[in-house]
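Q: Given next are the chains, with one letter for each unit.
2 protein chains.
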Amino acid sequence: MSSSTAQRIIHLGVFLDVSGHYASAWRHPSTQAGRFLDLSYYKQLAGLAEQGKLDMVFLSDRYGIPDVYGNRFDATVRSISSSSAKLDPVTLITAIAAITERIGIAATSSTSFTEPFLTARQFATIDHLSGGRAGWNVVTSTSDNEARNFSRDRLLDHEARYERAQEFIEAVTGLWDSWEDGALLLDKAGGVFADAAKIHYAHYQGNYFQVRGPLDVPRSPQGRPVIIQAGSSEAGRDFAARFAEVIFTAQPTLQSAQSFYADMKRRAAAKGRSPEQVKIMPGVMPIVAESEAEARKIEASLSELVDPLAGLALLSDQINYDLSVHPLDEPLPELQTVTGMQSRLQLVSKMLQTERLTLRELGRFYAGSRMHRKAVGSPEQVADFMEEWFTGGACDGFNLMFPIVPDSMEQFIRLVVPELQRRGLFRTEYTGRTLREHLGLPRP
Amino acid sequence: MSSSTAQRIIHLGVFLDVSGHYASAWRHPSTQAGRFLDLSYYKQLAGLAEQGKLDMVFLSDRYGIPDVYGNRFDATVRSISSSSAKLDPVTLITAIAAITERIGIAATSSTSFTEPFLTARQFATIDHLSGGRAGWNVVTSTSDNEARNFSRDRLLDHEARYERAQEFIEAVTGLWDSWEDGALLLDKAGGVFADAAKIHYAHYQGNYFQVRGPLDVPRSPQGRPVIIQAGSSEAGRDFAARFAEVIFTAQPTLQSAQSFYADMKRRAAAKGRSPEQVKIMPGVMPIVAESEAEARKIEASLSELVDPLAGLALLSDQINYDLSVHPLDEPLPELQTVTGMQSRLQLVSKMLQTERLTLRELGRFYAGSRMHRKAVGSPEQVADFMEEWFTGGACDGFNLMFPIVPDSMEQFIRLVVPELQRRGLFRTEYTGRTLREHLGLPRP
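Protein chains in written order, with the numbering used here: chain A, 1 to 444; chain B, 1 to 444.
Worth double-checking, as some hints may not be accurate.
Identical chains share a label here; the pair holds if one copy fits it or two copies do between them.
Here are the computed lysine-lysine pairs in the DSS-like style, where the Cα-Cα straight-line distance is at most 27 angstroms [stated by the list, open to error]:
1) Lys374 <-> Lys53
2) Lys374 <-> Lys297
3) Lys188 <-> Lys297
4) Lys374 <-> Lys188
5) Lys43 <-> Lys188
6) Lys198 <-> Lys188
7) Lys53 <-> Lys350
8) Lys374 <-> Lys265
9) Lys297 <-> Lys271
10) Lys350 <-> Lys374
11) Lys350 <-> Lys265
Bear in mind the hints are in silico, worked out from the structure with no lab data behind them.
Let the hints inform the model, and build the full structure from the sequences given.
A: Here is the structure:
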């Protein structure tokens, strides 16, 4: 029951949805969907997460409004608040950094649409401004619709996206390392600001990127901001095993999570890394209330508000395939390989082998947790679930996807966090200053 | 002497140098050169500017450490703090937005190295988070050294850079306009988040950029963040006349400033714009103290600390030409056309026609105000200078380049601002909420 720092504790991130992860959450009477443009709202949410001593808040990204479904964005802007309108995630976490003290702050930035120099400089800056709390979720992006906002008709193919991503991250880390610790001298009398011998060109030479450096930002408090990744395909796993320090993943069952966990730790070791330096955090949607019955009631009320087309629009976007060509009241036929998120299609196909759903039913289901595991019940039940996965070799923590925000987040922090603390599974106070320290990751 | 809003007032921006605009400022005993990575320092500086009721703080940019001089960065990192090490400007103004209330916040972002979709989204986000205080200084970048951080050997040529810049800004404004005001419905009962009929594809088709849109950020408080530009070449002036709402410029004399002012107002009118919608703000370096003698003493003490190589490294970088090939103790020979900032070379050449300086002396001189006008003297003298330029058709305000920070800034706000207020030339309180309102610019 001790919560000494030596003991392994659950790591908790919050997927920072404005109204909640349910596509219909913005319609729930308790949510404040209109406040997504107000800094004060993010101060409230991040402050709540910080009060709960969570490891980090996290923002996903997607460059543009999804319009894969039916080749128009109408279903999206009608029903899915978070996909229609948002603030730029990297910009938003910068503002959040400025108004929080301890919690880690991570955002997504795609290797397909920007430049290593810019990304290296942005995240190094956020790491400085936050005192070492920055994390970068590396994605390769999955939708051709996004490519069309960047002067291209379509994305690179899946393999090329990962080749580009690998070069991108190598160039970025080269830039982060271009200033040695101690290069800043600030010698006023001698007139030497920085030691040229401790600043190095990166000279990165790849097929996609050639980046000379050095970066014009000194080495940041964490050395390198924490690298997060969520690829689950073969190429994605290989990439994550090599670079990721935190891995997000969608795992519907304990068994699938255990298998993924073992596979990723093994792969990381095969790359010469310590398995402890890769934290695996499946997404989970906690629907918690004082009693299980009450939690089930919340779940049902959210499902009622769902527009099935919203779920199909979300899924179409993620797999980069227009599901509107199939009839709504029949089962989904087997799909050819898609060009978007392949692992997501595999999860859906696997589920459809056992659950006979029409496309409409699939849409309604998908608009909920999007293939992430739900944990519905009393505080003890949700804590039991988390403890089982954590002690059962299925995860090092969770990426929390709250169905309704801020309500579900408040309930989780009020009801589940103390329960985890009582069990010695979660910190009662921050012991570190940086995100690396929160996560138990070494400074590179 | 009334300060009614109808009266024309001086607009004041602050070029937010960490230690000051003098290359040697970081060596001055009063500066805190080591605090450039701390958010608390920017809170102090921006808070000071806000207390002085200034229109905006402004951050320049340059992508990488200058190494044009001698093809190495040694002189730069030894002597020029601001060019060696900084925080990403767009990221930094986001953090400043989060911790200030009223002052405008503007940063530089280059059209040569990023994508319109990203820039549109960043600045729209900052505009939302700041309640309408964002400005974007559009630059085309001037150094091949920067290009080498972006997978290219050299910059596009001068004309092509401006063609690309024009497409870039057209694509960005198209994205900003892709959401009509009122597109957000937030109709919970009806289940309609946003009105698809009020959200439009941008469908931008250029030679450099094809950007479909729509942006995934609703229209921001200012409609569009304020566009700032500083091109002074023929192509630069044409671009500014078409797009800029604030123009920064280096004007060493009243006469040159008057001529530039008249030319830019005329050009704006020729593009069908109201000349009042283009605010011309030359850079000025105020060195102010209780008495002129004391101000001259400060100036001399700063010059003493200057490393002439720092000035030559700065100038080499700006004109994209390595001055180290010329002997230090001889005058600069006439240069062929350079590929960097052409207007800057012209200013230098013009000065050298009347002032016979060796290259070493030029370096020492240039490391000061970098061809911007200095205003050295008592509060009355500096206010006289500003009044003369402002009422004499030379400017609509100034971009203040303080030689030592925060000292010169404190002195200016304590001594000159009240003097300007007494003369009815400057606001005594913010009358607007947005940067556009501060500047007297309409919402597009």
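Q: Hint by hint, say whether it matches the structure.
A: Verification of the hints:
{"no.": "1", "hint": "Lys374 <-> Lys53", "verdict": "within (22 angstroms within a copy, 52 angstroms between copies)"}
{"no.": "2", "hint": "Lys374 <-> Lys297", "verdict": "within (14 angstroms within a copy, 71 angstroms between copies)"}
{"no.": "3", "hint": "Lys188 <-> Lys297", "verdict": "between (67 angstroms within a copy, 19 angstroms between copies)"}
{"no.": "4", "hint": "Lys374 <-> Lys188", "verdict": "between (58 angstroms within a copy, 24 angstroms between copies)"}
{"no.": "5", "hint": "Lys43 <-> Lys188", "verdict": "between (39 angstroms within a copy, 24 angstroms between copies)"}
{"no.": "6", "hint": "Lys198 <-> Lys188", "verdict": "within (18 angstroms within a copy, 58 angstroms between copies)"}
{"no.": "7", "hint": "Lys53 <-> Lys350", "verdict": "neither (36 angstroms within a copy, 62 angstroms between copies)"}
{"no.": "8", "hint": "Lys374 <-> Lys265", "verdict": "within (24 angstroms within a copy, 62 angstroms between copies)"}
{"no.": "9", "hint": "Lys297 <-> Lys271", "verdict": "neither (46 angstroms within a copy, 62 angstroms between copies)"}
{"no.": "10", "hint": "Lys350 <-> Lys374", "verdict": "within (17 angstroms within a copy, 72 angstroms between copies)"}
{"no.": "11", "hint": "Lys350 <-> Lys265", "verdict": "within (24 angstroms within a copy, 66 angstroms between copies)"}
Comparing the model with each earlier hint shows violations of hints 7, 9; every other hint is respected.
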